[in-house]
Amino acid sequence: MRKSIILGSLLVASLAFAGSALAADTIPVGHLAAYTGPTSGVGIPFGNGIDDALAYINKHGGINGKQIKYKTVDYSYNAPRAVATYKKWMSSLKPVAIQGWGTADTEALVKFIAKDKVAYISASYSGHLTDPTGKGPKSKSAAPYNFFYGPSYSDACRGLVQWAADDWKAKGKSGKPKFIHMGDNHPYPNAPKAACAAYAKELGFEVLPSIVYSLKPADAKAQCLSLKDSGANYAYLANTSSSNISLLKSCSTVGVKTQFLTNIWGWDENSIKATGAAGDGIAWVVGAATWKDDAPGMKTLREVSKMSDPSGKKSRMLHYIRGVCGTFLMKEAMLKADAMGAITGENIKKGFESMRNFVPAGLEGVCSPSTWTAEDHRGMNLVNVYTSKYNGGDFKMTKLATVEVPRRPEWLGW
Amino acid sequence: MSSSAHARMNCGEFRSTYIQDTTIFPTPLARRTAIAAVIFLLLAPTFLNSYFLNLGIQVGYYGIAALGLNIVVGFTGQISLGHAAFFGFGAFASAWLNNVTGLPVFFCIPLAGVMTMAVGLIVGIPAGRIKGLYLAIATLASQYILEDFFSRADWFTGGAYGAMANPFSIFGFEFNNDQRYWYVVLFYVVLMFLFGTNLLRTRDGRAFIAVRDHYLSAEIMGINLTKYRILSFGISSFYAGVGGALFGHYLGFVSAEGFTLLLSIQFLGMIIIGGMGSVQGTLMGTAFMVLLPELMEGGVGLFGHGSSGLMQALAYIKEMSIGLAIILFLIFEPDGLAHRWKMIKAYWKLYPFSY
Chain A
1 MRKSIILGSL LVASLAFAGS ALAADTIPVG HLAAYTGPTS GVGIPFGNGI DDALAYINKH
61 GGINGKQIKY KTVDYSYNAP RAVATYKKWM SSLKPVAIQG WGTADTEALV KFIAKDKVAY
121 ISASYSGHLT DPTGKGPKSK SAAPYNFFYG PSYSDACRGL VQWAADDWKA KGKSGKPKFI
181 HMGDNHPYPN APKAACAAYA KELGFEVLPS IVYSLKPADA KAQCLSLKDS GANYAYLANT
241 SSSNISLLKS CSTVGVKTQF LTNIWGWDEN SIKATGAAGD GIAWVVGAAT WKDDAPGMKT
301 LREVSKMSDP SGKKSRMLHY IRGVCGTFLM KEAMLKADAM GAITGENIKK GFESMRNFVP
361 AGLEGVCSPS TWTAEDHRGM NLVNVYTSKY NGGDFKMTKL ATVEVPRRPE WLGW
Chain B
1 MSSSAHARMN CGEFRSTYIQ DTTIFPTPLA RRTAIAAVIF LLLAPTFLNS YFLNLGIQVG
61 YYGIAALGLN IVVGFTGQIS LGHAAFFGFG AFASAWLNNV TGLPVFFCIP LAGVMTMAVG
121 LIVGIPAGRI KGLYLAIATL ASQYILEDFF SRADWFTGGA YGAMANPFSI FGFEFNNDQR
181 YWYVVLFYVV LMFLFGTNLL RTRDGRAFIA VRDHYLSAEI MGINLTKYRI LSFGISSFYA
241 GVGGALFGHY LGFVSAEGFT LLLSIQFLGM IIIGGMGSVQ GTLMGTAFMV LLPELMEGGV
301 GLFGHGSSGL MQALAYIKEM SIGLAIILFL IFEPDGLAHR WKMIKAYWKL YPFSY
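Chains A and B, in that order, give the protein sequences. So the first sequence is numbered by full-length UniProt numbering: it starts at 1 and just counts up by one. So the second sequence is numbered by full-length UniProt numbering: it starts at 1 and just counts up by one.
Possibly wrong hints are sitting among the right ones.
To be verified - Not close to chain A: a few residues of chain B, all C-beta gaps over 12 angstroms, as computed:
| hint | residue |
| --- | --- |
| 1 | 35 |
| 2 | 37 |
| 3 | 53 |
| 4 | 102 |
| 5 | 148 |
| 6 | 187 |
Said to hold, decoys possible - No more than 27 angstroms apart at the CA atoms, straight line, and that leaves these computed lysine-lysine pairs for DSS-like:
| hint | chain 1 | residue 1 | chain 2 | residue 2 |
| --- | --- | --- | --- | --- |
| 7 | A | 88 | A | 71 |
| 8 | A | 71 | B | 318 |
| 9 | A | 257 | A | 292 |
| 10 | B | 349 | A | 216 |
| 11 | A | 69 | B | 318 |
| 12 | A | 396 | A | 299 |
| 13 | A | 88 | B | 318 |
| 14 | A | 94 | B | 318 |
| 15 | B | 318 | A | 87 |
Said to hold, decoys possible - Some chain A residues near chain B, calculated using beta-carbon distances under 7 angstroms:
| hint | residue |
| --- | --- |
| 16 | 76 |
| 17 | 78 |
| 18 | 79 |
| 19 | 80 |
| 20 | 83 |
| 21 | 85 |
| 22 | 91 |
| 23 | 92 |
| 24 | 108 |
| 25 | 185 |
| 26 | 186 |
| 27 | 361 |
| 28 | 364 |
Hint data in this document are derived by calculation from the structure and do not stem from the laboratory. We put the beta carbon where it would ideally sit given N, CA and C, even for glycine.
Excised from the complex, chain B in its bound form (with noise of 0.2 angstroms):
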């Protein structure tokens, strides 16, 4: 935190103070840019059409899960590969809750995001013990436990036909379009990015990072490894819980089959490209994995007619540009795009003088 809030700090800017120090915004600049993003999202609706408001809306939903992703592999350095599948069970909680009890939608994502923690909780135990290739093929266990119990549990999901998913609604208020769902979205990303970003300035975020940086001295310290590990898994669940429930929600219709190892692992991907352990770089990664697969749509839609080859393979061109992507990000930036923006920011901080 602090060696990236120097680097955005506007000479003459000094800090004497403790609560200075920890602010969310390192620059009274940047404050005001973030308020008038929101601003401006909020204002989207107006000006954007359905398809990018889409695209926005998926930004959201999925960014939401991938924060969570980045609190349990970012931050605390666990590793799980079945973040999807609690994706998953967020948005069958959340449309089993509706359907069932009744409940308006507006309480059934918060609390899917509840019931997601508790089965994270019960996948954690075994990651408060365990770690790296093992903890790994632990957590790839929970995803195709819980896959299976996706197509099995009709009482909870229908079973292999899926669930259907009633609209957002306040007051009988129906956020049935991508314009009123936009604000649902941007409701919960402000909300939950506000608790992500706060929650590493605490005493338990500053826990994670150091269960992270080195688990024996952590422990040394007094840390209890075992605590945190589980309820990093925890807060990581919940995330996605709220996510899964935002996505089941906005399709009206949830399916076992959406929530596969691919989709874990494209949350990995998203974390990577975003940058481990930065939370505004999870929304660039988000972002970047989300419309990736759409330009490579309207690249083949430029060279490719109707029922020709490359419209047949696009589906596979699709995918491979995202594993080409995450190759790629590997290789060359591997701290990913958070950390490219910083090197931008201070390339122009300093410049023309960059010694």
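The shape of chain A in the complex, shown without the other chains (with noise of 0.2 angstroms):
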């Protein structure tokens, strides 16, 4: 009797201390998704790209053996319950770093994640997320512990510009060209607002007072009228792609003849088969390799894809690519971390800031080079303008141009 009650508090000392063990080398990560909501056309592929992602590096060994510990939470793209969800993590999670969506709850989380030390990697490409100093002349408060993957929303706005300018001059056309944009009186399409008509205006562009649409998708006919009527040459859709869709198959209907153009979360391989002819031309912002690209990190890529589609024959959104890569950068910056020492939020903001022209290791022509500096969260300044056209069924993307955006350092958090 008695050895069996030793032998069964051994027992259970060993499970006690394996469990804490266990505990002890796991690495909490965040995950807040977009699966529902006005966002979830572009925030499902891009938060499976991270489910994925994670999964698949927990079966390859991890981080140096370490598992990644994560939570995946439907947020709906309200910004409170993120802000709710974040206050609920802190007190059980603990995560030293988390997977983010929007731009509101993002930009509302920035002083949070600051004073707990928590790197964040946000689907927010937000030009106020950049300056982790806070010494940007138009930058709205320091973000310190912010990075993302991908131009920010402001320069990709004004490379497309730029791209606007060469292409007003090469169809020969003279005057003044007329720039507009369009979006949700949302933190999102509201981000590039100001900064992308500055630099507009400084390109020889009539800037145009801005028109708002629904970043739910609804009929956009009125808004096209007002579009046609003030004879804007460009057009920038501020909003997501399930929006963008119903505004453009309206204003093909009106008989806009504006040229679009729009971010990286405007347009995607299924808002060209939804909108048919009436998306032909538009011009967009594409951050990663396309599904279809044969490069060397593609091989990993379809491993990863394979984490929830083990038949490998779905067909990846450009969405979900970059969300792979984005999991993947903080990865490489968790190893970074380990190598300091220990893999807390801190160390995980220093492995981000000593990488250059960076690209993470097995995705290799999928992901763009990043660098990030101390001083400096603009990750990326390439812009790379796509065009696509539908032809019945399929479609066709085309690079139209890799534009090269200054990196002004009064345009640091703008």
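Could you fit the two chains together into a complex? Lean on the hints.
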């Protein structure tokens, strides 16, 4: 009897020890996804990319043998819910890094994560998140723990405007081209508004008052009629793809002839199919390889995709691939943090800030090179401008230009 | 009040004065239980973890706002579909007062309640003249007008970006975690619920009930209908404002997205589930509404993992469960949890002689 008690208690103690050892060897990470809500059209592929990449990393040895313990929460693109989730995590999960989503919530959390020292990799590429010191003249506040993979919304829009200026000349047109910003009254569409308008003016555009259209897909004929009346030559669409699909269809009905430009979330394979000929010729920003590309890193990417699609037949969207890139960058920053002694939010931040023209191992040719420093979190200033053509059932993506946006110090954090 | 009080009265307990008859707690046992519950809640942070405290805090601030709605809907018989907008106004007002004037949050919360009350009184003006469906639409309009105001008034709310709200503090001591903020919310819950209970025992409170039960008789008795309808909107907004301010300072960030029509419906759901016209039921209904999505999340968590379809549908499941709960309560228990609780107590009082 006594023997069994001793044995039993030993077993319990060893289990408890194993449990605590296991807990010590995991890296807590939060994943804030938008699987529902107005941005779910792009949120689902992006979030799936993150989940698959995290599962893949764990399956292949984690971070030097330590497993990533991640929790995915769908916050429906509702900023207060994101903040509430963050607070909940800080009291239970205690993450060292978070894969986040929207602009409103990421910007709301800037101060919290800086205080708690949590590395935050967002799907918001808002220019406001690029100034780690807060010294930029137009900076809203210091964002020392914020990172994202890609050119900022402001830089991407500047790149599009630069392309538009060249396009105007190439077409041999004279006079001042007219530029207009279109988007919902929401932090994400608003993020590049002022910065991009200022640069457009600098390049000789006449900037028209912006037009508001809903982030939730809805009929937008009224907005399209306003656009037609304004006589704009170039219209920047600042919403996500599902909203843009409905706008472009409405504008096609109304007979708008404007050249549309849109950001990294504004257009994708699905929208090309859904919009049909109404979306032909749109110019947009692409931040990584496409599923059909032939690059050395595609092998890894296809293996990542098999985490949720074992058949390997599913064709993944541009957003999925960027989700994988962002997660692998976090993994590399964690490896660097581990080399520093401990995987803490502070060391992950330092890990990111030591990257120069960096491409995550295994994803060569898939993710574009990124650079972060302790003074500048603008990871990328090359903007790849693509256009698409719909040819009944299939679509064709063509690269128009790679624009290098100047890295001006006064643009930091704007 | 009286019928329920009698149901809870022990045998041999007689009341010979009006004061004894209008006491808050009908029996000494009820009073002792309430005091013990408050003491228990005071000690809660020592043995509850942050997750449960967080849920309790949510019940607290939503409960205060829901009591406000119960005053206007359950006690005065008006309808309001814009309660979330007042809740939001309180949150923005408190953040704005604190950020702009530098006034400590301690003072900003009641002041935000007063500011919201002012807005509520303005919205209440049409309420004094119209009722039923027309009033529902008028309050719905106020919901949308305020939502639009939140996303445009940069000076007040920070526009689409929202506003930061500093933590609650007294003399430099910050109530910046769940353990500390628990006491702030508990203090307000006790204060506001006592005030609510007492309000209904006053002349004005009884006038509210008279307006609800039969407005024509109430008017014949000399009750100024317009005055009391507007007043009930004002008091209701005060509660919403205080609840909203507590919410804002807890979250640390206030954004227009948080105060949609859906939240207004949820407030209505809280008082339907809890019991229309019951102070105690309001708290029960709020707890139900806060805990139900958490239970759903736990349930889904048992069946789904990672990025499975079930996890991706979680947000819908949570919202559907709330809708379903409201429908089921309307069908099977229209008087809410408070009524069910009374039935349970009556059953045990008479057991085994139920006749």
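Hint-by-hint comparison with the structure:
1. 35: Given a closest Cβ separation of 29 angstroms, the condition holds.
2. 37: About 24 angstroms separates residue 37 (chain B) from the closest Cβ of chain A, which puts it past 12 angstroms; holds.
3. 53: violated, 8 angstroms
4. 102: holds, 18 angstroms
5. 148: violated, 9 angstroms
6. 187: With a cut-off of 12 angstroms, residue 187 (chain B) remains clear of chain A, as the shortest Cβ separation is near 20 angstroms.
7. A:88 - A:71: With Cα atoms ~12 angstroms apart, residue 88 (chain A) and residue 71 (chain A) stay inside 27 angstroms; holds.
8. A:71 - B:318: holds, 18 angstroms
9. A:257 - A:292: violated, 31 angstroms
10. B:349 - A:216: violated, 55 angstroms
11. A:69 - B:318: Since the Cα atoms of residue 69 (chain A) and residue 318 (chain B) sit roughly 24 angstroms apart, the hinted pair holds (cutoff 27 angstroms).
12. A:396 - A:299: holds, 23 angstroms
13. A:88 - B:318: holds, 17 angstroms
14. A:94 - B:318: Distance of about 25 angstroms is within 27 angstroms: holds.
15. B:318 - A:87: holds, 20 angstroms
16. 76: holds, 5 angstroms
17. 78: holds, 5 angstroms
18. 79: Holds, about 4 angstroms.
19. 80: holds, 4 angstroms
20. 83: holds, 5 angstroms
21. 85: Residue 85 (chain A) check fails; min Cβ-Cβ to chain B is 11 angstroms, beyond 7 angstroms.
22. 91: holds, 3 angstroms
23. 92: Since the shortest Cβ distance to chain B is 6 angstroms, the answer is holds.
24. 108: With Cβ-Cβ at 4 angstroms, under 7 angstroms, it holds.
25. 185: Cβ of residue 185 (chain A) sits 5 angstroms from chain B, so the hint holds.
26. 186: Constraint on residue 186 (chain A) satisfied, holds at 5 angstroms.
27. 361: violated, 24 angstroms
28. 364: violated, 26 angstroms
Comparing the model with each numbered hint stated earlier shows that hints 3, 5, 9, 10, 21, 27, 28 do not hold.
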